[in-house]
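Take the sequences, apply the hints, and build the full model.
Chains as they are written, first to last, in my numbering: chain A, 33 to 367; chain B, 1216 to 1717; chain C, 326 to 659.
Source of the hints: derived by calculation from the structure; they are not laboratory data. Honestly, I wouldn't trust all of these hints.
[To be verified] Label pairs and their calculated CB-CB ranges:
1. A/S279 <-> C/L627: 21 to 29 angstroms
2. B/E1546 <-> C/V609: 49 to 57 angstroms
3. A/G184 <-> C/L460: 32 to 40 angstroms
4. A/E235 <-> C/K634: 17 to 25 angstroms
5. B/K1581 <-> A/G124: 27 to 35 angstroms
6. C/L627 <-> A/G184: 37 to 45 angstroms
[Claimed, not checked] Selected chain C positions facing chain B (Cβ under 10 angstroms, derived; list incomplete):
7. R506
8. D516
9. G525
10. S602
11. F636
These figures come from a predicted structure and were not determined experimentally. Virtual Cβ for every residue (Gly too), placed ideally from N, Cα, C.
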Amino acid sequence: MKLVSSVSFKRWEYFILLALFLEIAVFGLINSSFFNFSNLLYTTSDFAHILLVAVPLTLVVITGGIDISIASMMGLTSIVTGFSWQMGLPIGVSILAGFLAGFLAGLFNGLLVSSTDIPAIVITLGTMFLYSGLATGIAGSLGASGYNGIGGFPEGFVSLAYGGLGAVPNSLIIVLLFSLVLSLFLKKNRVGRSLYLIGDNMEAARYSGIKIRKTLLITYSLTGIGAAIAGILLTSYFTSARSDLGSEALLPALTAVVLGGTDIQGGKGSVAGTLIAGIFLGVLKQGLMSMGVTNDVSQVVTGFILIATVVGKVGYSFFKQQRLNRRALRIGLQA
Amino acid sequence: METAEEKQKEEILVLSNIWKSFSGVSVLKGVNMTLREGEIHALLGGNGSGKSTLMKIVSGIYGRDAGTILVDGEEVVFQNPSQAHMGHIYLVPQEPQIFPHLSIEENVILGTGCKVGDMTREIVRIGEALGFCEDLSELAGALSIAQQQLLEIIRGLIRKARVLILDEPTSTLTFKEVNSLFERLRVLKSQGIGIFFISHRLNEILEISDRVSVLRDGNMVLCEATSKLDHIKLVKAMLPEGKAGREDPCEERRQSIGDETVFELQGFSSEDFKDVSLNVKSGEIVGLAGVVGAGRTELAEAVMGITGGSAGKVFVSGKEIDGRTPGRCQESGLVYVPEDRAAHGIFLGQPNYFTTTSSILHRFGKVFMSSGKEYGIAKRFIEQFRIKVAGPDQVASTLSGGNQQKVVLSRVIACDPSVIILDEPTRGVDAEARLDVYNIIRSLTAQGVGVLLISSDLEEILELSDRIYIMYHGQITGEYARSECDIETVTAGAFGVQGSHV
Amino acid sequence: MFSVLIRKRAFLVFLIQIVLIIVVGIINPLFIRVSTLSGIIDSSLIIVLIALGEMFVLLTGGIDVSVGAITGLSAVAVGLSLNAGISIPVSMILGLLAGFAAGAVNGIGVGLIGVPPIIMTLGTMGVFRGTMYILTGGSWIDHVVTSYKRIAGIDLFGISALAWIVLLLGIISALIIQKTRAGRIFHYVGDNREGAFFMGIHVKAGVFWAHVFAGLFAGLAGLVFVSQIGFIPMQTGSGQEMRAVAACVLGGVSLSGGVGGPMGALVGGLFLTTIDSILVFLKVPAFWNDAIAGAILLSVVLLDFRFRKAFEAQLKSRRAQLVLEESALEEGAV
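Shown next as structure tokens:
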């Protein structure tokens, strides 16, 4: 059962944007470096990888599905990149190999989701395990388990994550480009349009002749691509290919999606909302860190925000229904 | 007026001034009703009239916004179904609620507080009296729909229900099963049990009930002894004033029927229907009459390729369509307006133009869709079909049933079809929109489109069709030209009474 | 045939396990020694307990991905209180309380308020993990009172006492779910949630208690962990939720609800642990364990799906046959 159409979507995006500005203002008052714009831009590279998976995750959730294997796909990409490099392949080819690994992982998810009626949560729970297991296994076979990782990457690769156009870091540029493409895809492309239709009512989409399987394959591949790019960026950032890179990205990514206004049951959502919410969460973590609050507490805060957002939506819808029904009764009795 | 004997029968249930709204829309507006001991009280009304909601309130599934319920003279408030069960009220839902992985016995005693084995003998006894002889330890998932319905009735009797509510109990039963059910109901009646019988089948209501209440748009508009009623009075009560009359089909339409056969089925068979052969000519409206369960929707869905496992040939404009999927059928000019609009036909959470263009997305360009073009198409239909919306952006769930149906029609007509299969096109549609829909259908035929009309509203079939097929139990059992039949022939045929062929 | 695969799955998996053990034993006779086998049982206790709790949630048709974090949280609670000098029984109670409270939080969110289970438990997973860090200040709990560690060492007929307790818990759970009125609710909610509501079942309470049990058992797993392992790293419980789900699915618990039981969790957990041991004995490097477990989970889920579809097709054709028989009778009679 869908919730009563709650707050208008446009209004929510502006609300989150406002919250973001307020947040920066508050943190800035505590720590003036937040008012330094180029500083702010620089800190985005800390959470760019989260945005890179949150945005395509939005598309998956719009179709009514979910993908919890995104963190594992990042690790797998990283390891495959490192593995190829270790095997002596040129860096460009290694990056391509890693990218391919992430893409294929996403494609595999899409294949399983679209050809069985097994819920996406279950499939991606299994693939999450499988992909992280594969990453650990490959890393282990190279003797690079745990915190060591595979290193020795060339200078050029390392500067990928650290370079930029003026004050804008490369990772932010990539995030914005990727988001732009996906946003246009959603709003303007006919396959993107069918994502909303599938999420709203899969049966009606079937009856309308929409190619559901093909569409889902594309959607889940996109999360694979996003995870792949994120994994490569992280590898560059840490100058090391590790299987646990990005392992904590799932919670903030999903929170960004939900906080950005996307309906977990499907049929509603936007890239812009996720992006703004993701930046909000990223800045929040940075701000808390600057106040001495550790990473782990941020996890608590993020988890809390996720739950609170959904509880809020459920509660709002419930009370609105009550209000509407009471009004209808009043009007009816007066007649 | 009622006989002294009738008046004396105790009122076991009294509903006063019941109000109920959903999302701000009032579904019940101060309904009053009573149920007497040993009475079969029929409840009649169109879609959205509120009859199901009313019964769900009585059985504790919904709470009421206002009004009182008296059971045996005492006021009760049911906050959940089990309280209603304790008050000896039981609802047999339209779709039996079965727990497929549990045994039949457990399905029956679920929620009563008894353990499996406590009531076995009792269940067998009640079951046999109803004609239900399954092994109680079998999994309920293997039961047929008719058996599931019996299971529901057994559930009610095990709970010593004095008020039994049957919500459309015959919609999936065969003719013989219906008779069997009525036998049992008469037995229950003689034991003093009061029965609410919700149905849209006028014949059945007139046959089995003692009193009839008609609900329209949340209000009770008629409550009379059945002996004083007939078809016409009932139909009149259900329609709003001024629209009761159904005219004879006009002659002019006949002339638009062409020679070309736009749609043909040959020997079409599957699990749900056998050897169906029929055809539709250009500009013709062919009605497919039958009761629910005859297999007509199953036929349509198999034709469109939504369900598989069917054999036989499908021809559109003379060309056979192979490997059918909804998309392919649409491309070949065959479109389908589904029976269940909310579940299969419309995207409720989206702007209405999303639905309008959902079948023709491929026309809008590979990379970028032109929103101007989309809007244009949506606006054209809004104007042409007089869809009452603020604009293409309005979310579909806020539209009335009639306007939603018009949007669904827009979707299929946008495909430029040569044949349209309509399945219950005016279900849940208000009277004014219904006339609009009929006009749309007629204007389509004037352009040479062929229409296959599936409807359980037999008067609708008679009003619109040029030719009528009767489908019963998965087979075509009759074919008539419009001028050769009337409501009696068609009704009889739909119910399986053997009739004559053209 | 398929109904057997679904109804008697636990038994089947147990058989397969015995066969596997024998086969491996032939390859490497060291495998079939009492100490090895009882060692497998002991190392399976943690995952079995978590799976047992997860089973309740899966039965109702939901899912809980925070159980690993709850295990960690409860382990931390026990470890901290033991090191603070609190007596063993009280520390254990605190650990269980932590599990109960965590489960209750999930139960309120999912059961009473209506948050989708994946969202709620993903969120609480973060909250519980974070809380673990906060409580310990981010460092491991390096050691625990020896007397507590000895509990894991107590033996009874060659198998640790803890194992017997877990078996007992499994049996009690099975009895509750099969025989008691309240216990049946989990099946009802999972098999047909709407129907259960119509029948007057307290669906919300059922979902609430399912999560509470999941938390309680995860808490128990934490207690066992501390005793068996003796120190508490920050990663305690991480990733266990998936293995728990895998164990349940292996043992015949359906992910759509309504099918399966505690014995399935037991057998499934044992099986996964056996696979791990087998890999060791076959000299497969440990870092491939997760990949193999993941592959097993996926295969099991996919096969389970296939079996279920075949079973339902069988039911459908049986129903169609009944209808045909009926109509043949009808036509004969007319």
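Hints, verified against the model:
Between A/S279 and C/L627 the beta carbons are some 26 angstroms apart, a value that agrees with the proposed interval 21 to 29 angstroms. A hinted range of 49 to 57 angstroms holds for the C-beta pair B/E1546 and C/V609, which are about 53 angstroms apart. The hinted range of 32 to 40 angstroms is satisfied by A/G184 and C/L460, whose Cβ atoms lie roughly 39 angstroms apart. At about 18 angstroms, the CB distance of A/E235 to C/K634 agrees with the hint of 17 to 25 angstroms.
As the Cβ distance of B/K1581 to A/G124 is approximately 30 angstroms, the hint placing it in 27 to 35 angstroms holds. For C/L627 and A/G184, the Cβ-Cβ distance of about 39 angstroms falls inside the hinted range of 37 to 45 angstroms, so the restraint holds. Because the smallest distance between the Cβ of C/R506 and any Cβ of chain B comes to about 6 angstroms, under 10 angstroms, the interface hint for this residue holds. Hint status for C/D516: holds, given a least beta-carbon distance of 4 angstroms to chain B, under 10 angstroms.
This hint holds: C/G525 has a C-beta 2 angstroms from the nearest C-beta of chain B, less than the 10 angstroms allowed. Hint status for C/S602 relative to chain B: violated, with the closest Cβ pair at about 34 angstroms, above 10 angstroms. Interface restraint check for C/F636: the shortest CB-CB distance to chain B comes to about 9 angstroms, inside 10 angstroms, so the restraint holds.
Of the numbered hints listed earlier, the single one contradicted by the structure is hint 10.
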